[in-house]
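Work the whole structure out from these sequences, hints included.
Counted the way mature numbering (1 follows the signal peptide of the UniProt record, and there is no 0) counts, the sequence shown spans residues -20 to -1, 1 to 353.
Heads up, none of these hints are tricks.
List of simulated lysine to aspartate or glutamate pairs, EDC-like, C-alpha gap at most 16 Å: (1) 6 x 72; (2) 192 x 177; (3) 333 x 316; (4) 268 x 280; (5) 272 x 33; (6) 270 x 259; (7) 46 x 33.
Quick list of the computed label-pair ranges, beta carbon to beta carbon: (8) 68 x 178: 29 to 35 Å; (9) 242 x 350: 19 to 25 Å; (10) 265 x 109: 32 to 38 Å; (11) 168 x 43: 48 to 54 Å; (12) 195 x 98: 52 to 58 Å; (13) 61 x 140: 35 to 41 Å; (14) 14 x 348: 25 to 31 Å; (15) 41 x 269: 26 to 32 Å.
Hints in this document: simulated from the structure, not taken from any laboratory.
Virtual Cβ for every residue (Gly too), placed ideally from N, Cα, C.
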Amino acid sequence: MKLKHIVLAAALLATAQVQAQETVVKIGHSGPLSGAQAFSGKDNESGARLAVEELNAKPITVAGKKVRFELQSEDDQGDPKAGVAAAQKLIDQGVKFVVGPYNSGVAIPASRAYNDAGVLIATVATNPKLTQQGYKGIYRVNASDTQLGGKMALYAANELKLKNVAVIDDRTAFGQGLAEEFKKQAKAAGMTVAGHEFTTDKSFDFTSILTKLKTKKVEAIFFGGYAPQAAPMARQMKQLGINARLLGGDTICTVEMGKLGGDAVGENVLCPQGGALLDKAASGPAFKSKFKARFKQDADVYAATYYDATMMYAQAMQKANSLDPQKVGAVISGGEYKGVAGNYSFDARGDMKQSPVTIFSFKAGQPSAITTY
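Right, here's the structure in full:
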């Protein structure tokens, strides 16, 4: 019996020594894990989870200690109030590095809480106001509305040769900001904006708005909003005999748009995504393959970006030889990270210095790249 006790004590001591040499780092994720946008939130979360699992399989060492990463994921419901509550929950859990929030309307109010707590956030939220607040710990790992909306307008004017367009936005921070950028660039490119209508991110019936725009004989309608609204909008355009194209932002460049829109979503729908085409990126196909093997489904719009953001944090920790967010942030701000979806380097505000935009349409329900613009 004594021998058993000695062996057990030795085993416990060895375990304690290993744990003492190991540091746990929590990576927070904030996104819509329930509701109409849950498909995006879960896809983003999976991208971050894949990175965490790969990092733990290596593993990495910082300041002489092995680092074990844990993903702490919170459902912000795509709602500003819930997003601030999710931020506070992550802060209370001791999280210092966050990927998300996904929605601009969540990221803008939540960023104050993160900033006050010294938390770094890497987000795909596109509204320019986010990085205009002057907070040092924000990194936009995607094109902004200025780039997405502006490039979509330029493509519509220069390549599609459109002259008469209309705009609808869902009144969210994202949708409104995107629509305004499209409208500004459309006018600058010589197009007429025949109307600007408004809806919400909870609406599904756009018949009255579309009927009004039909009388203006527009060649395209730009929608600032999300796929759960854009898909029924496309269906209703078809039902009303509106032969105009439906244009939008990166949030409608998703497989869910094809699923929800059915045969109303095809080459008539065009949208931009930040970054170059993943299939042509050096490690893009390999990422898509391992993502599908792990989660039994294809990676959607920003899975690779969330994977990159998590890996970017880890690389910066190693370079800083520290887990202090201020030191890690200094490395990110002053350096460059080469990821799957692109190369990440940031200006003083936290916007990417270079972010190409790829234009997509749809084929057989799937986003299909046309060109990088």
